[in-house]
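K.L.:
Just so you know, the protein sequences line up as chains W and Z, in that order. Residue 227 in the working numbering is what sits at position 227 of the first sequence, and the numbering runs on without skipping anything. So the working numbering is basically just the index in the second sequence, starting at one, shifted up by 1000.
Do not take every clue at face value.
Unchecked claim - Below, in silico cross-link-like pairs of lysine-lysine (DSSO-like), each with a Cα-Cα straight-line distance of 30 Å or less:
(1) Z:K1219 - W:K336
(2) Z:K1219 - Z:K1083
(3) Z:K1265 - Z:K1219
(4) Z:K1006 - Z:K1167
(5) Z:K1083 - Z:K1006
(6) W:K198 - W:K279
(7) Z:K1083 - W:K336
(8) Z:K1265 - Z:K1083
(9) Z:K1167 - W:K198
It should be emphasised that the hints constitute simulated quantities derived from the structure, not laboratory data. Owing to the predicted nature of the structure, the values given are computational and were not obtained by experimental measurement.
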Amino acid sequence: MFSVKGVIQTMGSKRTLNIWVVAIISLSLLLIGLFLHLSVGSTIMNIHTIFNAIFQIDQSRETTIIQTLRLPRTILTVMVGAALAVAGALMQAITRNALASPEIFGVNAGASLAVASATLLFATLSPSMTVYAAFIGALLGGLTVYVFASGRKMTHVKLALAGTAIHLFFSSITQAIVILNERATDVLYWLVGSLNGKDWTHVQVASPWIIIGLAIAFLLSRSFSILSLGESMASSLGERVQLIRLIGGLLVIMLAGSSVAVVGPISFIGLIVPHITRKLVGPDYSRVIPISALLGATLLLYADILSHFIVYPYESPVGIVTALIGASFFLYLVRKERLIKQ
Amino acid sequence: MIRKKKPNLLISICGIILLAFSFISLGIGSISISPIDIFYTLIGHSSGNSFILFNYRLPRMIIAIIVGASLAVAGAILQIILKNPLASPDVVGVTKGASLFAVASMILLPNALTIMLPISALLGAITVATILLVFSYKQGAKTHSFALIGIALSAICQAGIQFFIVKFPDNVNTTLLWLTGSLWGRSWNEIMFLIPCLILLPIMLVFARKLEILGLGDKVAASLGENVQLLRYSFLSVSVILTGASVAVVGSIGFIGLVVPHLSKRLVDTNARRFITMSAILGALFLLVADTIGKGLMPPVEIPAGIVTALIGAPYFLYLLRREKNK
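Just need the whole structure built from these sequences, with the hints factored in.
P.N.:
Written as structure tokens, this is what we have:
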């Protein structure tokens, strides 16, 4: 299959970095981020304390904090960041649209609507039921945009506008539910997307879906790069286009849905991380998917660290931080006209 | 196509429907008033209902008409100028900017004069529009970058709004009601803020021809002796002011500016004056209907008008998208 590889590589930009350099740099950024993330909180801890708390479990206060509060939060951050970034990368491969991402495609908004209505309909909602509700919502939102707004004639901009309008629609229903119901504030806080107060149950609920989703995405990465070449090219290379599309869509719903169910709709990770990744390592998805996962996890880690300092000493929801970072980067991309090839 | 042959007739019919419906809407609410009573009260016979009618229902109806017309015209202008059928003040971020500033003033200056709210909403709309223009200026305000920049700005404003909601949870219900857009409790005081709309709407009718020329494309417009950039920016500012003033009074009501221009484009021909008139009438009718449904469906509970417009507007929008796709 050297020809396929050749095609994929020649369609990449001229200056991509060596995959290993990128991988090592992002891994070390991730590791530094992990330590910073564990050490920052209402009290700042040094590396020594963190190591002790993780590996030599004693009865100290620090150990309790790390074991019950910070470790699950850090693990969840890494998983959700990776899941959202890979979901975005998959969507961009399936639709061949540089603007495709869980938030533009209504997946986040749909999942939010479903979770909000489920929370208010059933007084006691178990975390795993939340995930299923989010899956249904994500499917609904994604399908709406896909059925109504994607197609050969839809330019990137039209898709973005359509997605935004559908997003507005879903969020106004969510607002209606919140307004007409008393138990509003919890859902509202959740709607912003926050990692605050997540514990091991949340990790347990989300991790199987995310880990399986990431693994399948990685295993099928070659098919996704062929798919991103276009339908006719892909089928002439012997790829079962519809099947791969379907699997890709299901993976997106698994990854984005379970993330939204646990931490709320965190935006822009799925849009900008695949862009940065492709810029760094080229369009080959067997590289894009793992590097996206790494960079997505890293970005969300640092965003969550930043969220402690926006209104120090109070913590702000991480969704606000990613929206600010992501939207600014998006503005930069638009100005560079990288997104717009009409 | 028959209907396109008699656009003036169609516009008059819609106008009459609007009049009739505004009369009906006066009677609907937590206390229903019969049309005969309304008629007698309006021509001067005082009755038990005159207080409700003159102090609540009448201003509310007038606000619905002006705001609906303004939002629809603002959307129509944007769609012509940006040559993008999916553009509208709410999608492009102007509404979100107005909302962010309004929420900030509601929460940070709770004791300020009531006049602060509309002023800050207008300021927000203008700020976002200015940033939008500055950013897209490099590309000569080209249509697609304009839309994408609008989406990004709107996300930033949304983050700001959420920050306020999370940080100040005490005021959350007022804020939310306002963010959804509602005509509840509006009175004569608020109509004052709509004066810019009352001035700009007729002016738009006068200058509709220029808008039509602009819609033909930059080159054609320039060869007809128009200053394209000046024209575009003036129309944009009209659109921003219409949106800002409307959002200031009723909150961020969505989908009117997006959906109504499409409907009126299908009903009348390409003549911009008729298009604008039709958009204004249908916009007013849309908001009036939405508000009436909202207050009449399960009194005394009111469904905010913004939710009703979204519920009606979004399916129609999806249908439009589908047509756009199959074209």
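K.L.:
Each hint should be assessed against the structure and marked as holding or not.
P.N.:
Hint check:
1. Z:K1219 - W:K336: holds (25 Å)
2. Z:K1219 - Z:K1083: holds (14 Å)
3. Z:K1265 - Z:K1219: holds (23 Å)
4. Z:K1006 - Z:K1167: Answer violated: K1006 of chain Z to K1167 of chain Z is near 55 Å, above 30 Å.
5. Z:K1083 - Z:K1006: holds (26 Å)
6. W:K198 - W:K279: The given pair, whose Cα atoms are some 33 Å apart, is violated under the 30 Å limit.
7. Z:K1083 - W:K336: Satisfied, since the Cα-Cα distance of roughly 22 Å is no more than 30 Å.
8. Z:K1265 - Z:K1083: holds (13 Å)
9. Z:K1167 - W:K198: holds (19 Å)
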